[in-house]
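Colleague: Residue numbers (this note's numbering), protein chains in the order written: chain A, 1 to 103; chain B, 1001 to 1479; chain C, 2001 to 2491.
A few of these clues could be false.
What the hints assert, rightly or not - A few chain A residues that face chain B, going by a derived Cβ cut-off under 10 Å, partial list only:
(1) L14
(2) G18
(3) R29
(4) L70
(5) P71
(6) S84
(7) F88
(8) V90
Unchecked claim - Footprint (simulated), chain A over chain B, 3 or more residues, beta carbon under 8 Å:
(9) 1020 to 1032
(10) 1054 to 1065
(11) 1133 to 1139
(12) 1142 to 1150
Worth flagging that the hints you see were computed from the coordinates, not collected in a lab.
By construction, the Cβ of each residue, glycine as well, lies at the ideal position given by its N, Cα and C atoms.
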Amino acid sequence: MAVGPEDVMHVAQLARLGLDEHRLERLVRELSGILAHMEVLAAVDPNEYANLDDGRLGSAPMRPDSGPPLPMAAGPETFAPEMSDGFFLVPRLETHEDGEEGA
Amino acid sequence: MNDRYEMVVGLEVHVQLKTRTKAFCGCSTDFGAPPNQNTCPVCLALPGTLPVLNAEAVELAVRAALGLGCHVHHRSVFARKNYFYPDLPKGYQISQFDQPLATQGKLAVARSDGSLLEVGITRLHLEEDAGKSIHDRYPGRTAVDLNRCGVPLIEIVSEPDMRTPEEAGAYLRELKRIMEYLEVSDANMEEGSLRVDANISVRPRGSSRLGTKTEIKNMNSFANVERALATEFQRQVTLLESGGRVVQQTMLWDAQRGEVRPARSKEESHDYRYFPEPDLPPLVLEDAWVSAIRASLPELPAAKRQRFARQYSLPSYDIEVLTASRKLADYFEATAAAHGDAKAAANWIMGELLAQLNSRGLALEELSVPPSRLAALLDLVRSGTVSHSAAKRIFALMIEGGEEPSVIAEREGLLQVGDETQLLAWIDEVFAENPEEARRFAAGERKLLGVLVGLVMKKSKGRADPRKVNQLIAARLSV
Amino acid sequence: MTLDGLLELPARSLAAAVRDGRVKARDIASAAVERAAQVGAGREKLNLVLAMDEDLLRRETEAVDRAVSAGHPPGALAGVPVAIKDNIATLHLPTTCASRILEGYISPYEATAVARLRSAGALLFAKTNMDEFAMGSSTEYSAFGPARNPLDPQRVPGGSSGGSAAIVAAGVVRVALGSETGGSVRQPAAFCGVVGIKPTYGRVSRHGLVAFASSLDQIGVIGRSVDDAALGLQVIAGHDPLDSTSENRPVPDYRQAADWPLRGMVVGRPREYFPPNLDPRIRERCEAAFDALRSLGAVVRDVSLPHTELSIPVYYIIAPAEASSNLARYDGVRYGLRIVGDGLRRMYEATRSQGFGPEVTRRILLGTYVLSAGYYEAYYKKAMGVRRLIAEDFRRAFASGVDVLLTPTTPTPAFPLGSIEAPYEMYLSDIFTVTANLAGIPGMSVPFGRVDGLPVGVQILAPHFEELRMLAVGYALERVATEQEAQERRG
Ligand SMILES: [Mg+2]
Ligand SMILES: [Zn+2]
Chain A
1 MAVGPEDVMH VAQLARLGLD EHRLERLVRE LSGILAHMEV LAAVDPNEYA
51 NLDDGRLGSA PMRPDSGPPL PMAAGPETFA PEMSDGFFLV PRLETHEDGE
101 EGA
Chain B
1001 MNDRYEMVVG LEVHVQLKTR TKAFCGCSTD FGAPPNQNTC PVCLALPGTL
1051 PVLNAEAVEL AVRAALGLGC HVHHRSVFAR KNYFYPDLPK GYQISQFDQP
1101 LATQGKLAVA RSDGSLLEVG ITRLHLEEDA GKSIHDRYPG RTAVDLNRCG
1151 VPLIEIVSEP DMRTPEEAGA YLRELKRIME YLEVSDANME EGSLRVDANI
1201 SVRPRGSSRL GTKTEIKNMN SFANVERALA TEFQRQVTLL ESGGRVVQQT
1251 MLWDAQRGEV RPARSKEESH DYRYFPEPDL PPLVLEDAWV SAIRASLPEL
1301 PAAKRQRFAR QYSLPSYDIE VLTASRKLAD YFEATAAAHG DAKAAANWIM
1351 GELLAQLNSR GLALEELSVP PSRLAALLDL VRSGTVSHSA AKRIFALMIE
1401 GGEEPSVIAE REGLLQVGDE TQLLAWIDEV FAENPEEARR FAAGERKLLG
1451 VLVGLVMKKS KGRADPRKVN QLIAARLSV
Chain C
2001 MTLDGLLELP ARSLAAAVRD GRVKARDIAS AAVERAAQVG AGREKLNLVL
2051 AMDEDLLRRE TEAVDRAVSA GHPPGALAGV PVAIKDNIAT LHLPTTCASR
2101 ILEGYISPYE ATAVARLRSA GALLFAKTNM DEFAMGSSTE YSAFGPARNP
2151 LDPQRVPGGS SGGSAAIVAA GVVRVALGSE TGGSVRQPAA FCGVVGIKPT
2201 YGRVSRHGLV AFASSLDQIG VIGRSVDDAA LGLQVIAGHD PLDSTSENRP
2251 VPDYRQAADW PLRGMVVGRP REYFPPNLDP RIRERCEAAF DALRSLGAVV
2301 RDVSLPHTEL SIPVYYIIAP AEASSNLARY DGVRYGLRIV GDGLRRMYEA
2351 TRSQGFGPEV TRRILLGTYV LSAGYYEAYY KKAMGVRRLI AEDFRRAFAS
2401 GVDVLLTPTT PTPAFPLGSI EAPYEMYLSD IFTVTANLAG IPGMSVPFGR
2451 VDGLPVGVQI LAPHFEELRM LAVGYALERV ATEQEAQERR G
């Protein structure tokens, strides 16, 4: 299936990737090219695999409800781009421009 | 509410599970730590980290599911719900999607007229909480605290079976009570350990078609859920009656203004791109294990209410109060068993005990009076050894000192006086001190009996046996 | 012994010598540092190393030497320098995944595999270059410049574990860790003429391996010889409670495989791996391998894995889908690169578009697309279904009495830098390797001769957790190849 600029723009927005015009055009071509090779899958009849297990037979292992957590050799302040009073800081969310409380 | 339209409400409730550590890492779930103190490489989503499931979270979720009569699936699958938000460090929430932990439950709630409403539970699944974003602390900045991030939650989705705000409120209160009975959660909406989103639509009465729904968020108490539903119902009805159409959108409840308004729209529609979480194999629960949990469930509120009615013949108001919490119900039962008179025990607990807890700001489990000791006090009242009013004083002293009621009664001189010679001496004194009343009473003014008995009680500092005083004074009337 | 001579010792002998006190870890480390400089492992020439810290190395060697003199010699890799692919978390040395978005990032915890190496006495020699986030097959997609093949610097070392394979091939270290998602250990091992093992999914903990596609990722080992690789695997394999997909079953002594007789072993020759258009020189090397195994008493049997041709489309749906989610955490909020934009949304978009290179961007977009509403069923769900068919192909082949499969590792030998431009053409260099990742089975590449002076690898595939069987064939082929090379040199 070929994708158009709107499709690529849409997924770029979902993935929070900023794309300029030039890059967009190129990506439309590349992704369409790659997706064309995926077409062969459409020919496979789902009944062929319907009765095969998904290979994930085990059960999720569980840990006891106790610590300690995995230790850290250095705290977030050593790698965080911006922190204050222990909080990570980011530019204020567009939906909270007036700074009201709420998540 | 409205003759022509009815509301259709379904609720999505998130309940925080009472575990010591988070769902997928060993960090503490304690509340109130300094920002980002309860974090580790896993819940900070550092590169290369992986989730490992907390067994207790699974057990609590299964208890909750069984308590709501759900079918617990042998195999359920964790899925990633993908979206960007600064308090969601991995960029996805580990949740469950097309193969949830449990489905097909039900919850019966009593309407105000006493009839029962059965609300279907569509599904119950296990997921992790996000962190907290604070928008009003730093100018131009959102501050992110990830202490809550990864705390285990269950999401309980109901069928759209409720038709009034009161029904929604009753559902939520009963759900909260069940969560508390099961000890899976504190289920406190004000503290955020129980959160409610409401889906509401309206339709002409008699129609079975569903209208376009909106989702209301940001409600922080059951009362506010009810107010928000009533408000949104009115808004949708007004819209329809003026020829408009309801738009499917998220609404925010503003408790201060008592209004709902559309959430500022995100720039795009949601597309969570769910897919099975590859870092966690499916959750497989052995039938025997689930059965063992089922067998260990405590009696739930509805069953307890029925049994109380049968076993103690209490009025429904009493039952409602006494079963509000499992601990209170247990306390009542132990007291009633030790004392023998269930109604007396119920009266004392609903009256004096709750009043004392309330005025002292105590929780029941902080009370130093065990049921056996309260029963001993009630025994003293029944046998006439202490008066009811003396018993109240004794009870207060029991809470403070933790001694046996008989010891306190003796020490404080609160044993009831039934000795006739002493009683007659007090009565004579009262009659002598109040000649006018005494004369009128003797002349047949019967209504003065209470006043005279009261004066004798006062003279005896509450120790006189009121029943006997009553008899002795009444005898002077006819003489 | 000369310092260079030390590096020519098998890792097992080297560690034994260190434990006996015959050789100092310090001398091995110096030899490796010298060798690295000699071959130009650094940025200016082969560009194999992204991080190295000689002070740290010195501290590690001192600790090993001290332990030996104190009579507590460390374990199986005492004093053996090991290189680590840069997507495996190490304390002290940065873990960047060769990406701008993690430039300078130092992990505050270390991967289980690294912790096990260190407690076995290994020296963490360097972090190696790779394709950004392990997405690539040539190590040209590193944000810090392409790595080059030490056998021919105009050619790629393969990828994505190109730095690890090349630094072993250059004789700097005997053992290196790489990671596999679709062939990223076996393919560069083949291109560089060294041994590469991709263990069974779940054999080695992924804790600390920066995720690309979680259901496919597995840490692998690159060795100068089969035994070097087997020893590395021995140390890192085993259950880890920090990885829910790690399997709790005993780890056999892999060295046993060195002496396993091959008589009666059934070696499958899957016809789909020998298509008519296969490079005849590659085909010839595989036929030579079959002949060698026959001469050792093995039986070669033709088998069919009918869904093989679907593996690349399946892989390039599932891997990007998982990657799009795994890479969402690089958002500039808690660590790594942040490009300030106007508001949060712009910060995300600027950080991620400038932090990720073109191939990573392509795969995130592709993965987001195949998971998005309206396409999930046709792409992702379908691919997951066909993935089962691919796994079933293997299950049936092995159930039919075939012990191992032998195939080419790659369709071509190492190609020149810059020669492949179209993304999908690059994807095809994994055509023979991705199936093992999709099925979760172990695979290894063993060098088996050369064409036009370039090494060729043959691939051995085995059923889940049957690494021993696979290694037995690897050891045998290696002996044959060594003999043939010696003969060629003589004759
Ligand atoms: Mg939820
Ligand atoms: Zn944590």
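Colleague: Would the hint on A:V90 be counted as holding, given a Cβ-Cβ threshold of 10 Å to chain B?
Modeller: holds (5 Å)
Colleague: A:L14 was flagged as interface toward chain B. Is the shortest Cβ-Cβ separation under 10 Å?
Modeller: holds (6 Å)
Colleague: Using the nearest Cβ pair, does A:F88 come within less than 10 Å of chain B?
Modeller: holds (4 Å)
Colleague: Go through the hint on A:R29 and say holds or violated, using the shortest Cβ distance to chain B against 10 Å.
Modeller: violated (24 Å)
Colleague: Establish whether the coverage given for the stretch 1142 to 1150 of chain B by chain A is satisfied; the threshold is a Cβ-Cβ distance below 8 Å, and no fewer than three residues must meet it.
Modeller: Satisfied; 5 residues make the cut.
Colleague: A:P71 was flagged as interface toward chain B. Is the shortest Cβ-Cβ separation under 10 Å?
Modeller: This interface hint holds because 8 Å falls under the 10 Å limit.
Colleague: Would the hint on A:G18 stand, with a C-beta cut-off of 10 Å toward chain B?
Modeller: violated (13 Å)
Colleague: How does the coverage statement for the stretch 1133 to 1139 of chain B fare against chain A, requiring three or more residues with Cβ below 8 Å from a Cβ of that chain?
Modeller: holds (count 7)
Colleague: Going by Cβ atoms only, is A:S84 closer than 10 Å to chain B?
Modeller: holds (7 Å)
Colleague: Verify this for me: three or more residues of the stretch 1020 to 1032 of chain B with a beta carbon less than 8 Å from a beta carbon of chain A.
Modeller: This one holds; 6 residues, not fewer than the three required, reach chain A with a Cβ under 8 Å.
Colleague: Taking 8 Å as the Cβ threshold, is the statement that the stretch 1054 to 1065 of chain B is covered by chain A upheld or broken by the three-residue rule?
Modeller: With 5 residues closer than 8 Å to chain A, the stretch 1054 to 1065 of chain B meets the three-residue bar; holds.
Colleague: Does the CB of A:L70 sit less than 10 Å away from some CB of chain B?
Modeller: holds (5 Å)
Consistency with the previously given hints fails for numbers 2 and 3, ordered from lowest to highest.
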